[in-house]
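Visitor: Sequence:
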Amino acid sequence: MTAASRFDRMIGVEKMIRRTILIATLFAAAYAPLASAQDQRADLKEALKKACRDDYQQLCNGVMPGGGRILACLRSHSSELSPACAAALPK
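The opening position of the sequence shown corresponds to residue 0 in numbering that gives the first Met the number 0, with each subsequent residue numbered one higher.
Derived by calculation from the structure, the hints in this document are not laboratory data.
This structure is a prediction, so every number in the text was calculated from the model and none was measured.
The beta-carbon is built from N, C-alpha and C at its ideal position, and this holds for glycine as well.
Some hints could be false.
Think about it this way: if two alpha-carbon atoms lie no more than 25 Å apart in a straight line, the pair counts; the simulated DSS-like pairs of lysine-lysine are [what the hints assert, rightly or not]:
no.	residue 1	residue 2
1	Lys44	Lys90
2	Lys90	Lys48
3	Lys49	Lys90
Label-pair distances were calculated between CB atoms; the ranges are [unchecked claim]:
no.	residue 1	residue 2	range
4	Phe26	Gln56	16 to 22 Å
5	Ala31	Ala71	31 to 37 Å
6	Thr1	Leu33	36 to 42 Å
7	Ser75	Ala31	47 to 53 Å
8	Ile20	Ser75	33 to 39 Å
9	Ala31	Asp53	35 to 41 Å
10	Met15	Ala71	49 to 55 Å
11	Pro89	Met9	55 to 61 Å
12	Gly67	Met15	44 to 50 Å
13	Asp53	Ile20	49 to 55 Å
14	Val62	Ala28	37 to 43 Å
15	His76	Ala31	36 to 42 Å
16	Arg74	Ile20	46 to 52 Å
17	Arg17	Met63	39 to 45 Å
Please build the complete structure, drawing on both the sequences and the hints.
Guide: Laid out in structure tokens, this is it:
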């Protein structure tokens, strides 16, 4: 193998490494907001559960979880909700 072909090969490997690093960086940059949004949703869900636990048990105890049924039930009883639960409910 000649020095020129080894040099060309090194340049090709270097380009591939740079491209891989660029792709990994772009992926990480794109994923970060998604992870942050999921964390925020989980935090909001926990805050809602904590604020509305008593309201749920009193007003919507027979409602099966899933499909937004509990939120719909709580909203249908908006005038009866505790202030903390009313404030925690998404608009």
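Visitor: Run through the hints listed earlier and report the numbers of any the structure violates, in increasing order.
Guide: 4, 6, 7, 8, 17
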